[in-house]
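Peer 1: Listed below, chain by chain, are the residues.
Number of protein chains: 2
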Amino acid sequence: MPERRVVIVGGGLVGSLSACYFAKRGWSVDLYEKRPDIRLPEHSNLVEHRSINLAISERGFSALRRLDPELEARVKESVIPMHGRMIHSLDGKQTSQAYDVFGKHINSVGRSTLIKLLLDEASSYSQVTLHFGYEFINADFDSGRVMLQDANSKEECCVDADLIVGADGAHSRVRQRMMTKVRMNYSQTYIEHGYCEFSMPAQEGTFAMNPNHLHIWPRGSFMLIALPNLDHSFTCTLFMPWSQFDEIKSNDDVVSFFRKHFPDALQLIGEQRIRLEYAANPKGSLMYLKCAPYTYKHRAVILGDAAHAMVPFYGQGMNCGFEDIEVLDRIMLSQSDKAGDCTAALSDEQLQQALSEYSALRSVDTSAIVDLALQNYVEMRAKVVDFGYLARKYLEGMLHRLLPHRVIPLYTMVSFTSIPYAQVVQRWNQQSLWLHRSIRMATIAAVVSIGAFSARMMGCRQLPPLHELLHKLKRF
Amino acid sequence: MPERRVVIVGGGLVGSLSACYFAKRGWSVDLYEKRPDIRLPEHSNLVEHRSINLAISERGFSALRRLDPELEARVKESVIPMHGRMIHSLDGKQTSQAYDVFGKHINSVGRSTLIKLLLDEASSYSQVTLHFGYEFINADFDSGRVMLQDANSKEECCVDADLIVGADGAHSRVRQRMMTKVRMNYSQTYIEHGYCEFSMPAQEGTFAMNPNHLHIWPRGSFMLIALPNLDHSFTCTLFMPWSQFDEIKSNDDVVSFFRKHFPDALQLIGEQRIRLEYAANPKGSLMYLKCAPYTYKHRAVILGDAAHAMVPFYGQGMNCGFEDIEVLDRIMLSQSDKAGDCTAALSDEQLQQALSEYSALRSVDTSAIVDLALQNYVEMRAKVVDFGYLARKYLEGMLHRLLPHRVIPLYTMVSFTSIPYAQVVQRWNQQSLWLHRSIRMATIAAVVSIGAFSARMMGCRQLPPLHELLHKLKRF
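Residue numbers (full-length UniProt numbering), protein chains in the order written: chain A, 1 to 476; chain R, 1 to 476.
The set of hints was computed from the structure by calculation and includes no laboratory data. Since the structure is predicted, the reported quantities are computational estimates derived from the model, not experimental observations. Cβ atoms here follow ideal geometry from the backbone N, Cα and C, with glycine treated the same way. Incorrect hints may appear among the rest.
[Claimed, not checked] Looking from chain A toward chain R, a few residues come up when the C-beta cut is under 10 Å (computed): (1) Ile38; (2) Arg39; (3) His43; (4) Ser44; (5) His83; (6) Gln188; (7) Thr189; (8) Leu230; (9) Lys290.
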């Protein structure tokens, strides 16, 4: 069998994990990353402030496990479990809301820690070559020739690939170039909110707050959140409409803002640090994007944020990107019955068939999670303190305990199962309908019972017929 | 006053007209076009098969008139009026449907004829310089430096601009570069249909069909249309789902296809020509795009297809692009009260204010016409032979004649007025509601009258009360 070569553009989380998968399936892998190798001590600070902390949950673990259970175990050693949300009210009161009635949890993990683990894993495959400091310029998607530029010397070079994988993030250049070849439907939307990060240092060598929670200060139109780090600090992120960022004109303004809305966080971060970091740290924008198809013939595929960037409010961006790789691997393997577990043996036709199936299947699921992530922002910054929301959450939790496979809360389906995202939404809609009906029926039954009981108590022998009662009730 | 310089990228219809407008308002204009000058005899065939024929109507003329009534007159000398649609049924019968009860018409015009007229007009301004064979590479939108590449020598050069205008079409590179600076919402969608052009030659020195119509062969999921050219030929365009194009595998297939669905057109075009042109002419895809904002600070603006490409079914693409320029000119002038009619005298702040106002206002209107153009495809290929559609069209035409300013058919508002597109949609929705109610009332009144009359005839003295009658009617 001639050696089949995949060129992966982007050495972030999705790029490095996909390098491992392709190597495991017999491909010769060349991965090109624009930045230097962050595993080298002199480049270790390159990931800072790159974006919001990461939360890894079932879908992410599942993809690691499928590749190598030991890798999953190594990652699990570097995470901090978060069992629930800790809601901080204005008066400093903290209320814990568990994520799951059976104690399942999500996990805070540092972006750079995880990338380093994955790059090490990729390096452990003999047929993987990692190239750092190379920028993707263009590709001839028909011939498979990829043009790259050395970031230092600015010299251009070409490599030939049987398959080109674009794992180069939301502003993917591979996708941009593919769009000139493929009739790609594409949309990107910025939300009216931006974010800014602050760090909350360890206090006397330990965490300043309960480390096993994702902390939220929900304030309606904006919020602060905090995730724990292994060094006992927290990374706090303020999400807020740009118009409100614009109102903060000085470093004093940002302190007054924190004093007014997050007094407890202000105390734990410190005035001086808030001033410094607000001035120094970039304000990031938040965007989501959808596109389709994800592939070009047997030649190219985009994965992760390059295909479906989402707002970070469901903690699913990376998990979904990892699941992309797992789904693609399953589909490619199912095409290669004869080839055993070597997808490098697929013919061009089989590969095209697999990629096209992947694109059709996956774009429906990713579209669902992109929408869910957007909706969860409202939940996090406002609904978590709403009575109706909490009542439903409680009721669903109870039903989930009774009928664990019939009634599954939305958050549980997204974070603790691998049910395809589009099915999650479908099940959730059915469940909601069923729940609403049940609540209405239960309410009516309760009212009727109480009415009948009271009537008996007051000495009525003859009760009015039920349909009359119901009719009267309806009029209220 | 220091000279203010605008760099226009793209020397198509919108680019060349905007060059004239900026020159008229006192700017120094440099226009860069990728292709050679199509006015030179050796390049005159470059525009062929570039896209569907053009139809110019009120909005387009209005923008020409505002610039120079003589230019409008010159363009009007090069057009062929189309007073209505000519519907070709399968048996060869032709039915004319007028566009307007007062005889207003749209006009067929050749793309290259119009571009040449506009380039000549632009050249007539001393402060306009046209540069052909230069490709836009990138721009530093903060400093206003524009990087270009000579298409022949491949040498790069830089020019400085106070304002950069992107009039470089649906795949605009100016827009792509702006997107790295601006939080731009963007969506592009391909429809499932493609197109292919054919030419129908003159017969014995004259038009093969009535030249004052836009000819349509509506066939449900696909259609053929034909627009007249000055040389007495017609340009025919077949619009069809890609899946149906795929079914045509040979030149014989295309002839059988025409024989089955467009026998009269087959005869007028000729078998041989259909074979040759189907094989030779490219199959074009159809896409629409929306984005916002259109501007970056006081430094850049995108116009025409670069900002809002649409499917060609309302004949509004170019008209909307020309109207862009007119609207921008009005807004810029209204900012420059003190400066007379010289918008080059605007300060950076005034210019930014004007651009930002333009973007906010215009993006709403262009979004409306992008949607209308998409809807009109269904109308053209299917509804034009539907009884309900024709009945409503007839009724509206009658009401428009009676109350010309109160009831205006949709097509008339779009093609024969300058009512902003978003208002067109709003008025149309109100009109539809009012019309539906009126028809219901009229029907009820008619039924009641007939009932009463019949009852009298049959000798009933006492009629049932009206509300009883209405109640009974409602139950049907």
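Peer 1: Could you run down the list of hints and mark each one as holding or not?
Peer 2: Hints versus structure:
1. Nearest Cβ of chain R to the Cβ of Ile38(A): about 24 Å, over the 10 Å cut. The hint is violated.
2. Taking 10 Å as the C-beta contact cut-off toward chain R, the hint placing Arg39(A) at the interface is violated, the least distance being around 29 Å.
3. Annotation: His43(A) was flagged as interfacial toward chain R, and the flag is violated, the nearest CB pair being 24 Å apart, outside 10 Å.
4. Interface restraint check for Ser44(A): the shortest CB-CB distance to chain R comes to about 27 Å, outside 10 Å, so the restraint is violated.
5. Below 10 Å, beta-carbon pairs count as interface contacts, and His83(A) has none with chain R, the closest being about 36 Å; its hint is therefore violated.
6. The beta carbon of Gln188(A) is positioned within 10 Å of a beta carbon in chain R (closest approach about 5 Å), and the interface hint is therefore held.
7. Among the interface hints, the one on Thr189(A) holds; its C-beta lies about 5 Å from the nearest C-beta in chain R, closer than the 10 Å criterion.
8. A hinted interface residue such as Leu230(A) counts as satisfied when its beta carbon comes closer than 10 Å to some beta carbon of chain R; here the least separation is about 34 Å, so the hint is violated.
9. Of the supplied interface hints, the one on Lys290(A) holds, with its beta-carbon coming within about 9 Å of a beta-carbon of chain R, less than 10 Å.
Violated hints, listed in ascending order, are 1, 2, 3, 4, 5, 8; each of the other numbered hints is respected by the structure.
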